[in-house]
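Trainee: Order-wise, the sequence lines are chains G and L.
So in numbering that gives the first Met the number 0, the last spot in the first sequence is 195, and the numbers never skip.
So in numbering that gives the first Met the number 0, the last spot in the second sequence is 195, and the numbers never skip.
Hints are supplied without guarantee of correctness; some may be wrong.
For identical chains, the list gives no copy identity; a pair is met inside one copy or between any two copies.
Straight-line C-alpha distance at most 30 angstroms; calculated DSSO-like pairs for lysine-lysine [as the list claims (entries may be wrong)]:
| hint | residue 1 | residue 2 |
| --- | --- | --- |
| 1 | 83 | 23 |
| 2 | 133 | 65 |
| 3 | 23 | 108 |
| 4 | 106 | 179 |
| 5 | 18 | 44 |
| 6 | 42 | 23 |
| 7 | 191 | 83 |
I should point out that these hints are in silico values taken from the structure, not numbers from a laboratory.
Protein chains: 2
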Amino acid sequence: MIWVVGAGICRGQITERGKEMLRKADIVYGSRRAFELIDFELKEKRILGRFDNSVFEEIASEGREKEVVVLSTGDPMVAGLGRKFGKMGVEVRIEPGISSVQLALAKLKVDLTEVVVVDCHARDFDSSTLDFFKYRHLLILADRRFDLTKLGDRRVVVLENLCMEGETVREGFADSVEIKSDYAIVFVERDKEVVE
Amino acid sequence: MIWVVGAGICRGQITERGKEMLRKADIVYGSRRAFELIDFELKEKRILGRFDNSVFEEIASEGREKEVVVLSTGDPMVAGLGRKFGKMGVEVRIEPGISSVQLALAKLKVDLTEVVVVDCHARDFDSSTLDFFKYRHLLILADRRFDLTKLGDRRVVVLENLCMEGETVREGFADSVEIKSDYAIVFVERDKEVVE
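Chain G extracted, bound-state conformation (with noise of 0.2 angstroms):
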């Protein structure tokens, strides 16, 4: 059995329930930053540098024999590693845990029922995605690669390394704010002349 377990963003930001998880498994697979945010023992700790299928396949196979976890920053349905088990025969459970998602609703005060969630992060940016405005603000997961222009001459609020050290916020227009970290959060509002 394999759980993706989601550690949060923030240190103390895991649940009791994942906490649990983790204590009680056999090995934990996790990337240097996902472990960094635990601060408790476990049985058998395993840093992963990259995530690719062969990697996917070893854990799987291992998740056939014992009770393995995969320590998840953020949350594993959020631009996250929940779906990556999904052909492998092997039993896997998702245990929610904190995105950056909320991190940056909750200094916004923007709730998720008015937003889209967009996931730029090493991707391009759809150009259907502009569709979105007529209905809703975005908000664009994005990484140093992302062009802010494709947004036009809208306000943007830039959240970057939420929780982490350099923590930003910055409000200006998409054409002349830098995005300088790979964990980095637009928020674009909707456009105010549609009336729903």
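Go by the hints and put chain L onto chain G.
Mentor: Showing chain L alone in chain G's frame:
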């Protein structure tokens, strides 16, 4: 100062940070359901039957003098209490919690960046919501009064009472399934014929 702290949906789903805030608070406000999720001592606990403006004003007034926590089931920024203190002249901070949306996505193994989350709790279904099917799956927060036939003959998954007594997950067609709980989430797949 007021902290709105997410309690999660299941027992043991509060984060360590949230727990610490509750322990330190002079007063904790919350619904009976929210307090049922908490199994540790609090300095002062005030159970709220209703959340109307006069209640929020009372809490805001306490918050100017004391450390006040409002315990919110789920996440305060998911169809939540987080925005209620907007213009009441008191500093409000939000501490995220696990929402029913996250539980549903974990069960469905669907990522947040593949859906649009719609709040139809005691609220009308906006016909423009159907436009989202061109781009995304829908995850609808619903209650017994929600009219599933608005979704046509689409396939739906109805998740009810997550982490409560009577938890069920049922699949079927929108025009033949019934919502039996006021804590329901309806997952509807996007339209397939559209190429992005």
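Trainee: Each hint should be assessed against the structure and marked as holding or not.
Mentor: So, going through the hints one by one against the coordinates:
1. 83 to 23: Only inside one copy: residue 83 and residue 23 sit 23 angstroms apart there, 40 angstroms across copies, limit 30 angstroms.
2. 133 to 65: neither (49 angstroms within a copy, 42 angstroms between copies)
3. 23 to 108: between (36 angstroms within a copy, 23 angstroms between copies)
4. 106 to 179: For residue 106 and residue 179, the Cα distance is within 30 angstroms only inside one copy (19 angstroms; across copies 35 angstroms).
5. 18 to 44: Both. Shortest intra-copy (14 angstroms) and inter-copy (26 angstroms) distances satisfy the 30 angstroms Cα cut-off.
6. 42 to 23: within (8 angstroms within a copy, 32 angstroms between copies)
7. 191 to 83: Answer is between; shortest inter-copy Cα gap is 22 angstroms, intra-copy 38 angstroms.
Violation of the numbered hints given earlier is confined to hint 2; every other hint is satisfied by the structure.
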